[in-house]
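**Q** Sequence lines, in order, name chains A and U.
Under our numbering, read the first sequence as residues 1 to 115, first letter to last.
Under our numbering, read the second sequence as residues 116 to 229, first letter to last.
Calculated from the structure, these hints are not laboratory results.
It is possible that part of the hints are untrue.
Think about it this way: if two alpha-carbon atoms lie no more than 25 Å apart in a straight line, the pair counts; the simulated BS3-like pairs of lysine-lysine are [said to hold, decoys possible]: (1) A:Lys3 <-> A:Lys102; (2) A:Lys102 <-> U:Lys172; (3) A:Lys38 <-> U:Lys124; (4) A:Lys102 <-> A:Lys16; (5) A:Lys70 <-> A:Lys112; (6) A:Lys70 <-> A:Lys16; (7) A:Lys112 <-> A:Lys16; (8) A:Lys3 <-> U:Lys124.
Not everything, but these chain U residues come out facing chain A in the computed CB check (under 7 Å) [as the list claims (entries may be wrong)]: (9) Ala202; (10) Glu217; (11) Phe220.
Quick caveat: nothing in here was measured; it's all calculated off a predicted structure.
Every residue, glycine too, gets a C-beta built ideally from N, C-alpha and C.
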Amino acid sequence: AQKVTQAQTEISVVEKEDVTLDCVYETRDTTYYLFWYKQPPSGELVFLIRRNSFDEQNEISGRYSWNFQKSTSSFNFTITASQVVDSAVYFCALTPTSGTYKYIFGTGTRLKVLA
Amino acid sequence: DSGVTQTPKHLITATGQRVTLRCSPRSGDLSVYWYQQSLDQGLQFLIQYYNGEERAKGNILERFSAQQFPDLHSELNLSSLELGDSALYFCASGSGTRDTGELFFGEGSRLTVL
Numbered sequence: 001a002q003k004v005t006q007a008q009t010e011i012s013v014v015e016k017e018d019v020t021l022d023c024v025y026e027t028r029d030t031t032y033y034l035f036w037y038k039q040p041p042s043g044e045l046v047f048l049i050r051r052n053s054f055d056e057q058n059e060i061s062g063r064y065s066w067n068f069q070k071s072t073s074s075f076n077f078t079i080t081a082s083q084v085v086d087s088a089v090y091f092c093a094l095t096p097t098s099g100t101y102k103y104i105f106g107t108g109t110r111l112k113v114l115a
Numbered sequence: 116d117s118g119v120t121q122t123p124k125h126l127i128t129a130t131g132q133r134v135t136l137r138c139s140p141r142s143g144d145l146s147v148y149w150y151q152q153s154l155d156q157g158l159q160f161l162i163q164y165y166n167g168e169e170r171a172k173g174n175i176l177e178r179f180s181a182q183q184f185p186d187l188h189s190e191l192n193l194s195s196l197e198l199g200d201s202a203l204y205f206c207a208s209g210s211g212t213r214d215t216g217e218l219f220f221g222e223g224s225r226l227t228v229l
């Protein structure tokens, strides 16, 4: 069975603080993709990053960074120096690279960045 | 702009009614996915189509049905609506191949059942 767990339902930080959003996944597939999506208050889902299970290198994009650890089945997302515009719900997702391409989403973490 | 178009953006209807939600995928994408997001809930996978054929089914109620047409647009039909069907319905498109993985989402159709 495949499952994505985002244990943090809501996080509040003060602007300029760093914050890490946790994502733990379960899958029996040997190859898979992991994703993060952002859902701002306007409602649309914005793609942030895709990571192939073969590639465990961490990635940094501006204030965003992702830590993929296969050994712990985690794909955590860190926002450095958070800003009010980062306030959104963030979803982690998983899909195998073969088969039915069913995307499994976590329940999301609501991030509130206070000015 | 993701390139995925969903209509209508908002819809208010009564219990027992039937509605149709429409989705046009990104140019070149063959695969369409439908998701339901209820208030403060995650994304529940409903159904996936690839090039006109159903490819995967999630927790889709029997009162709901979908199809993908030859021009690749998709429609999600919701019938005998209940209050609990009020939700944001997302359509997403993807290539459906193994080379790329990300889904691109439309802005969603917000359904309110009164």
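**Q** A separate judgement is required for each hint: does it hold in the structure or not?
**A** Against the structure, the hints:
A distance of roughly 11 Å separates the Cα atoms of Lys3 of chain A and Lys102 of chain A; the hinted pair therefore holds under the 25 Å criterion. Under the criterion of a C-alpha separation no larger than 25 Å, the hint pairing Lys102 of chain A with Lys172 of chain U is consistent with the structure, at around 9 Å. The straight-line distance between the Cα atoms of Lys38 of chain A and Lys124 of chain U is roughly 19 Å, inside the 25 Å bound, and the hint therefore holds. For a cut-off of 25 Å, the pair hint linking Lys102 of chain A to Lys16 of chain A is broken: about 36 Å separates their Cα positions.
Between Lys70 of chain A and Lys112 of chain A the alpha-carbon distance is near 28 Å, which puts this suggested pair outside the 25 Å criterion. Only pairs whose Cα atoms come within 25 Å are accepted, and Lys70 of chain A paired with Lys16 of chain A is rejected, the gap being roughly 29 Å. Pair hint Lys112 of chain A plus Lys16 of chain A holds up; C-alpha atoms about 12 Å apart against a cutoff of 25 Å. A threshold of 25 Å between alpha carbons decides the hint, and for Lys3 of chain A with Lys124 of chain U the separation of about 30 Å lies outside it, so the pair is violated.
With its C-beta approaching chain A no nearer than about 12 Å, Ala202 of chain U sits outside the 7 Å limit, and its interface hint is violated. Below 7 Å, beta-carbon pairs count as interface contacts, and Glu217 of chain U has one with chain A at about 5 Å; its hint therefore holds. Annotation: interface hint on Phe220 of chain U holds; nearest CB of chain A at approximately 4 Å, less than 7 Å.
Comparing the model with each numbered hint stated earlier shows that hints 4, 5, 6, 8, 9 do not hold.
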